[in-house]
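Novice: These are the residues of each chain, in order.
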Amino acid sequence: MAGSALRRLMAEFKQLTQNPPEGIVAGPISEDNFFEWESLITGPEGTPFEDGVFVANLSFPNDYPLSPPSMKFVSEIFHPNIYPDGRVCISILHPPGDDPTGYESSSERWSPVQSIEKILISVVSMLAEPNDESPANVDAAKMYREDRSKFNDIARKSVRKSLGL
Amino acid sequence: MTSETNQEFNFYEDELIDEKIAAQQTAIEKEIANEQKLVGDLIELNTLLNEYLAEDTVYRSKITELSERFRYMRKTRGDGNCFFRAFAFRYFETLMGKPDEINKLKDLVNKFTSDLSQLGYNSFTVDDFKDVFIEELEKLNNTSDIRLLEEIFNNSGSSDYIVVFLRLIVSCYLQNNSDFYLAFLETYQSMKDFCSHEVEPMYRESDHIHIIALTNALEIPVGIIYLDRADQEKATPHNFPDDSNPNIFILYRPGHYDIIYRN
Chain Z
1 MAGSALRRLM AEFKQLTQNP PEGIVAGPIS EDNFFEWESL ITGPEGTPFE DGVFVANLSF
61 PNDYPLSPPS MKFVSEIFHP NIYPDGRVCI SILHPPGDDP TGYESSSERW SPVQSIEKIL
121 ISVVSMLAEP NDESPANVDA AKMYREDRSK FNDIARKSVR KSLGL
Chain X
1 MTSETNQEFN FYEDELIDEK IAAQQTAIEK EIANEQKLVG DLIELNTLLN EYLAEDTVYR
61 SKITELSERF RYMRKTRGDG NCFFRAFAFR YFETLMGKPD EINKLKDLVN KFTSDLSQLG
121 YNSFTVDDFK DVFIEELEKL NNTSDIRLLE EIFNNSGSSD YIVVFLRLIV SCYLQNNSDF
181 YLAFLETYQS MKDFCSHEVE PMYRESDHIH IIALTNALEI PVGIIYLDRA DQEKATPHNF
241 PDDSNPNIFI LYRPGHYDII YRN
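Chains Z and X, in that order, give the protein sequences. Residue 1 is where the first sequence starts when you use our numbering, and the numbers rise one by one after that. Residue 1 is where the second sequence starts when you use our numbering, and the numbers rise one by one after that.
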């Protein structure tokens, strides 16, 4: 099982290195362990996260890609769909039927033909367009809805922090 | 600031409940995994009588009647993949020691792989499943040793990969014939949506549409025998397609599929 997972992870790493999606870099943290990855995600243009470079780790199960990885931001980030401890809560990280925050039925879900690239692209869209229905971070969702300029301020602060400024 | 801390506190409580639910679910799944092999040994079908109370006459008389025509069965694990796994095991069993038929299936597998690529599926997401499917299939070319097949299907590495590839075949077939099948969908707007939620993910249960698509895609008819509480004397047979004469039979009890063998 782990052998097939490893083969798949290596293929995806190769693919991501050869054709990196814009604003995304990802790969294993160490060559000894292909099941723990680090990704660098650039905040999308035209959003308060613009210019930020956010670090998030991906942890792959032994039966990947039958089961999805989990993803957790290491960089501080205040966002409706990211738990205060950094864990990312979006539908593509869950198989259908597994509904931690009651996703809409049309939302993109995990299946073995999804990929790390698709997860990372979904995370970039999530940064650009937070989903404030049934959020992972209630404070962030509330502020996003009710006090957008304060939310944007916090986002811009996290951008500077992500750059070590 | 205080309110933020409180919020966080609540969040961790919710979190604990989520974790407890997840832990309980894992425990249940483990229990099922320990109790039932992915594909069980050959047993007599009338042993199913043990699962029903003496007063459950509807089930008991249907089982007794059915066991006269189908003496043996194999149970499959109830993990949502049971239809695909039951079908795959029985289909592979009929191919053992028949290299010509295996080659025909390999051609079909290659055709679906290139169709999937036409539909925009990345080869790195499809090839591993296809490769395992073909690798295991080729092992059956010159053997009729059922233990080998039991081993392939009880090793989750090969067994699950075969299931995934059958799911991909169904998805591919449905998307390429969506004009016809779209009419069967109730809650989904597009075939792509249906496939990515109900076909491609592991552990999603199969419905009529999956069965019809798989039997049409592979051109392998299957007979499903419905065993339920309906007030009839016999379990109800249904062949896919209707006018076919299948060699592969599957027993359906509400929510679950097992393999059965016609005498």
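Careful, some of the hints might be misleading.
Derived EDC-like pairs: lysine to aspartate or glutamate, alpha-carbon spacing no greater than 20 Å straight-line [stated by the list, open to error]: (1) Lys-14/Z x Asp-131/X; (2) Lys-118/Z x Asp-127/X; (3) Lys-139/X x Asp-107/X; (4) Lys-14/Z x Asp-32/Z; (5) Lys-30/X x Asp-32/Z; (6) Lys-118/Z x Asp-193/X; (7) Lys-14/Z x Asp-107/X.
Cβ-Cβ distance ranges computed for the label pairs, FRET-style [as the list claims (entries may be wrong)]: (8) Ser-149/Z x Arg-253/X: 53 to 63 Å; (9) Ala-33/X x Asp-147/Z: 44 to 54 Å; (10) Asp-63/Z x Asn-110/X: 43 to 53 Å; (11) Glu-51/X x Glu-22/Z: 27 to 37 Å; (12) Leu-40/Z x Pro-237/X: 26 to 36 Å; (13) Leu-163/Z x Pro-254/X: 17 to 27 Å; (14) Asp-193/X x Asn-62/Z: 41 to 51 Å; (15) Ser-114/X x Arg-160/Z: 24 to 34 Å.
Don't read these hints as lab results, they were simulated from the structure. Beta carbons: idealized from backbone N, C-alpha and C, even for Gly.
Novice: Each hint should be assessed against the structure and marked as holding or not.
Specialist: Each hint tested on the structure:
1. Lys-14/Z x Asp-131/X: Holds, because 19 Å separates the two Cα atoms, which is no more than 20 Å.
2. Lys-118/Z x Asp-127/X: Since the Cα atoms of Lys-118/Z and Asp-127/X sit roughly 18 Å apart, the hinted pair holds (cutoff 20 Å).
3. Lys-139/X x Asp-107/X: holds (16 Å)
4. Lys-14/Z x Asp-32/Z: holds (16 Å)
5. Lys-30/X x Asp-32/Z: The given pair, whose Cα atoms are some 30 Å apart, is violated under the 20 Å limit.
6. Lys-118/Z x Asp-193/X: holds (16 Å)
7. Lys-14/Z x Asp-107/X: violated (29 Å)
8. Ser-149/Z x Arg-253/X: 53 to 63 Å: At roughly 59 Å between Cβ atoms, Arg-253/X and Ser-149/Z fall inside 53 to 63 Å, so the hint holds.
9. Ala-33/X x Asp-147/Z: 44 to 54 Å: holds (49 Å)
10. Asp-63/Z x Asn-110/X: 43 to 53 Å: violated (26 Å)
11. Glu-51/X x Glu-22/Z: 27 to 37 Å: violated (57 Å)
12. Leu-40/Z x Pro-237/X: 26 to 36 Å: violated (58 Å)
13. Leu-163/Z x Pro-254/X: 17 to 27 Å: For Leu-163/Z and Pro-254/X the Cβ distance comes to about 58 Å; the hint is violated.
14. Asp-193/X x Asn-62/Z: 41 to 51 Å: This hint is violated: roughly 29 Å between Cβ atoms.
15. Ser-114/X x Arg-160/Z: 24 to 34 Å: violated (49 Å)
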